[in-house]
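Given chain C, work out where chain B should sit, using these hints.
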Amino acid sequence: MIWESWDAFWAMGGYGLYVWGSYAVVLICIVVEILLARAGQRESVQTARELSEQETAHDATS
Amino acid sequence: MEQLRIRWFQWAAPQSFYPLAGRLWPWFAVLAAVLALAGMYLGFFVAPTDFQQGEGYRIIFAHVPASWMSMVIYLAMAFWALLGFTFNTRLSGMMTQALAPTGAMFTFLSLWTGALWGKPMWGTWWVWDARLTSELILFFLYMGYIALTSAIDDPRRADRAGGLVALVGAVNVPIIYFSVKWWNTLHQGASVSVTKGSSMAQTMLWAMLLMALAFWAYSIAMALYRVRSIILQRERHSRWVQELVA
Chain C
798 MIWESWDAFW
808 AMGGYGLYVW
818 GSYAVVLICI
828 VVEILLARAG
838 QRESVQTARE
848 LSEQETAHDA
858 TS
Chain B
160 MEQLRIRWFQ
170 WAAPQSFYPL
180 AGRLWPWFAV
190 LAAVLALAGM
200 YLGFFVAPTD
210 FQQGEGYRII
220 FAHVPASWMS
230 MVIYLAMAFW
240 ALLGFTFNTR
250 LSGMMTQALA
260 PTGAMFTFLS
270 LWTGALWGKP
280 MWGTWWVWDA
290 RLTSELILFF
300 LYMGYIALTS
310 AIDDPRRADR
320 AGGLVALVGA
330 VNVPIIYFSV
340 KWWNTLHQGA
350 SVSVTKGSSM
360 AQTMLWAMLL
370 MALAFWAYSI
380 AMALYRVRSI
390 ILQRERHSRW
400 VQELVA
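Chains as they are written, first to last, in the numbering used here: chain C, 798 to 859; chain B, 160 to 405.
So here's chain C without its partners, still in its complex pose (with noise of 0.2 Å):
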C-alpha cells in the first residue's frame, strides 16, 4: 500500500477534487451510456414485436 491512510487516499494530495471529479463524470457517462443502450434495445425489440402482432391480428381478420 502506497497510502498512509485512506484519508490520504481520497485527498490525493491535495489534488483530491481534480482527480475524484475526473473518475466520477467517467464512471456516470459509462453508466448512462449503458442504461441508454439497454432501453434502446428493449425500444427496438418491443416495436418489431407490436408490428409482428399488428400483423398477425391483421392475417386473422383477412
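Simulated from the structure, these hints should not be mistaken for laboratory data.
Keep in mind the model is a prediction, meaning the values are calculated, not measured.
Yeah, the Cβ is synthetic: ideal placement off N, Cα and C, and Gly gets one too.
Some clues are possibly wrong.
Which chain C residues face chain B? A few, computed with CB under 7 Å, are given here [as the list claims (entries may be wrong)]:
hint, residue
1, 810
2, 815
3, 816
4, 821
5, 822
6, 826
7, 836
8, 838
9, 842
10, 848
11, 849
Chain B is nowhere near these chain C residues, computed Cβ spacing over 10 Å in every case [what the hints assert, rightly or not]:
hint, residue
12, 811
13, 841
14, 855
15, 857
16, 858
For chain B alone, kept in the frame of chain C given last:
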C-alpha cells in the same frame, strides 16, 4: 479465396451479424471490466507519486485512454463509412451509427478530464490552443454526425450523408494527434510514442495501457450491443425479425 470472400459477406448480412454480435458483446464487456479493475488497481495503489505533479497526474489513467479512443472510434467510423461507399453493404452504416455515441462520450470525457487536469497544473480550465481546439472540433463532428443521421428518416440516405461527415471529418484526427508537434501548445507532447518509446515510469505506463485496453474492449462491447438495436429497428419488417420477437 472466393469462399473466404463469400463468408465475409455472409457475416456482413444483418441477419447473421445479429446473433454473432449477441454472442460476442458479453465477452468484451467482461474483458473491459477485468482490464479496468487491473488498470485502476495499478494506477492508484502501485504507481508511484509523480515528482512534478504529485498525485494530480493520476487523471492520466482516464484522460489519455479516453483521448485515444475519441480518435480511434472516429477513424473506425470513417473505415466503416468507406466500406459502405465501396461495397454498399447495409451493415457498414449501422456500425458507423453504433460507434458514434461511444466516440462522442469519450471525446467529452477527454475534454472534461483535461479541464480538471489543466486547472491545477496550468492554472486554467481551458485555452484555445491547437490540441484542445481540435479535440473540441472532434466533439462537434460527432454531434454533427449524430444530429444529421437522426434527422434523416430514410436509413440508407442517413448512412450516406453521415458517412460523408465521418470520412471528411477524419482529416481532423491527424491534426489532433500532431497538433502538439506542429504548433506551440500549452498541452504537453506525447509521453508514449511509437518511435521513441515511453518517458514514463513502468507501472504508470502499464496502468495507462491497461486502461486503454479496457476502453477498447468497452467500446467494442457497446458498438456490438448498439448495432443489434439498430439492426432490429431497421429490419423490423423482415421475416427473421418477426420470427425472432414472436
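To see whether the hints hold, each was checked on the structure:
Satisfaction of the interface hint for residue 810 of chain C is found here, the shortest Cβ-Cβ separation to chain B being roughly 4 Å, below the 7 Å cut-off. For residue 815 of chain C, the interface hint holds, since its Cβ comes within 7 Å of a Cβ in chain B; the closest pair sits about 5 Å apart. Hint status for residue 816 of chain C relative to chain B: holds, with the closest Cβ pair at about 5 Å, below 7 Å. Checking residue 821 of chain C against chain B: minimum C-beta separation of about 10 Å lies over 7 Å; hint violated.
Checking residue 822 of chain C against chain B: minimum C-beta separation of about 5 Å stays under 7 Å; hint holds. Interface restraint check for residue 826 of chain C: the shortest CB-CB distance to chain B comes to about 5 Å, inside 7 Å, so the restraint holds. The interface hint given for residue 836 of chain C is broken, as the beta carbon of that residue sits about 9 Å from the closest beta carbon of chain B, more than 7 Å. Contact between residue 838 of chain C and chain B, as hinted, is supported at the beta carbon level, the nearest pair being about 5 Å apart and thus within 7 Å.
For residue 842 of chain C, the interface hint holds, the least distance from its beta-carbon to any beta-carbon of chain B being 6 Å, beneath 7 Å. Against a cut-off of 7 Å between C-beta atoms, the interface hint on residue 848 of chain C holds, since the closest Cβ of chain B lies about 6 Å away. Taken as an interface hint, residue 849 of chain C checks out: its beta carbon lies about 5 Å from the nearest beta carbon of chain B, inside 7 Å. With a closest Cβ-Cβ approach of about 7 Å to chain B, residue 811 of chain C is found to fall inside the 10 Å limit, against its non-interface label.
Under the 10 Å C-beta cut-off, the non-interface status given to residue 841 of chain C relative to chain B is violated; the minimum distance is some 4 Å. No beta-carbon of chain B is positioned within 10 Å of the beta-carbon of residue 855 of chain C; the least distance is around 12 Å. With 10 Å as the threshold on Cβ separation, the claim that residue 857 of chain C sits away from chain B holds: the shortest Cβ distance comes to roughly 14 Å. Every CB of chain B lies more than 10 Å from the CB of residue 858 of chain C, the least distance being 18 Å, so the non-interface label holds.
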